[in-house]
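Position chain X relative to chain Y; hints supplied.
These are the residues of each chain, in order.
Number of protein chains: 2
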Amino acid sequence: EIVAAVEARLQALAAPVPRDLAGRRILVTSGPTHEPIDPVRYIANRSSGKQGHAVAAALAARGAEVVLVSGPVQEADPPGVRVIPVESARDMLAACEAALPVDAAVFTAAVADWRVESAAGQKIKKSGAPPVLALAENPDILATISHHAQRPRLVVGFAAETENVVEAARAKRQRKGCDWIVANDVSPATGTFGGGQNEVHLISDAGDEHWPKADKAAIAARLAARIAAALQPPAAPQVAP
Amino acid sequence: EIVAAVEARLQALAAPVPRDLAGRRILVTSGPTHEPIDPVRYIANRSSGKQGHAVAAALAARGAEVVLVSGPVQEADPPGVRVIPVESARDMLAACEAALPVDAAVFTAAVADWRVESAAGQKIKKSGAPPVLALAENPDILATISHHAQRPRLVVGFAAETENVVEAARAKRQRKGCDWIVANDVSPATGTFGGGQNEVHLISDAGDEHWPKADKAAIAARLAARIAAALQPPAAPQVAP
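From first to last, the protein sequence lines stand for chains Y and X.
Numbers 141 to 381, taken from the numbering used here, label the letters of the first sequence in order.
Numbers 141 to 381, taken from the numbering used here, label the letters of the second sequence in order.
What the hints contain is simulated information worked out from the structure, not anything from laboratory work.
Among these hints, one or two may not hold up.
Which copy is meant is left open, so a pair is good if it fits within one copy or across any two.
Under the rule of at most 20 Å between Cα atoms (straight-line distance), these lysine to aspartate or glutamate pairs were calculated in the EDC-like manner [stated by the list, open to error]:
no., residue 1, residue 2
1, Lys263, Asp178
2, Lys265, Glu303
3, Lys263, Asp325
4, Lys312, Glu301
5, Lys265, Asp325
Pulled out of the complex, with its shape left as it was, chain Y reads as follows (with noise of 0.2 Å):
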């Protein structure tokens, strides 16, 4: 595994990088988002954006016209590639809506699950007893998309997990309906949020591939490199009636 490592990153560091998604328009988010509690306050995760950016950078180095859709994150814009920033999850939804219709999409950020059913418009004082915050669900970006009208032909969904990683990724990528799910152990031990190294599992149709612990710049440059193939031969031009 280690050799086969060592040989991909020199074939990378050698081989230029092939413009075979020119013409492709493709989707990424990144990031957490943030649902307000208050005027001040938030729910957030720890999500730093740092492997959606660089899968938007690597789809883009390989021609794609990239609309990437992210939280608030301290990433810097990936080189020609559109960003679009939003907050929420409702937010975040309606920006992935505007942008199809697209060939794929990567849904790399890390939505919150839940809001706040009831955000408050001045900063709640502390008096009296702590609040209770109940939450509501959030729109399933991932599985809004795998169902929708103008579904992109290739839909890639991630799964931060804490335990049991492929197991639960493979039941997410049955109950979402995407075609991939890229799974990754967040467990604060690993360092994967915020972290500059990632490790996954691809999960397909085809089984499940292991990718062994890598910069994040690249898995996506590993991942940018699969969807260009998933996207090959291109799709027939549409023919008017």
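Chain X alone, transformed into the frame defined by chain Y:
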């Protein structure tokens, strides 16, 4: 007011900063706190740490030995300041108590009033009804240090409000037992959280002073000068009975 602000700015540019806090030890807190919901989700707030870090830098520029206890921020460590990074309010209180004794303490951080009562050890699954987050009150760092056996000679709190800013801050000063409150309006329209400028009221037993909108560094410099004045003359050396 505009003329006064311009004059103050020109004076600041012309005069070297006096080293009148040499030999003083000052605690500053900055940034938000993050309160875990589970290993990947947390409750946060929009504090950027810009004002707190500017206060630490301004005090250090006057020669103070500054301990800066900071929640997660993107700001660079101010030069000549010892930075102690923390995440939660409970971590922040422990770091503040460990920093005592100090001559003065400036509590600029936007500390979460509440934490999640029972943070989960594994990522909470999205299955069944959305969870309800019962919150528990966090320790009150400003009140705790204001009533501490090793209370600093000068305790300064910040108040971040979105309505009735001055009245709320006066009440906060009484309730917490601190000497001064620096009150600011953090309504989203003001751009205070995350922005480069601030407009504050300094509330003390001498009354209420309005400081017009200025760079956070200028507000910090003005506050540092006031702290230096308040710590003059030097405390008499402790003599054993």
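**Q.** In rising order, the numbers of the hints this structure does not comply with
**A.** Structure breaks no hint.
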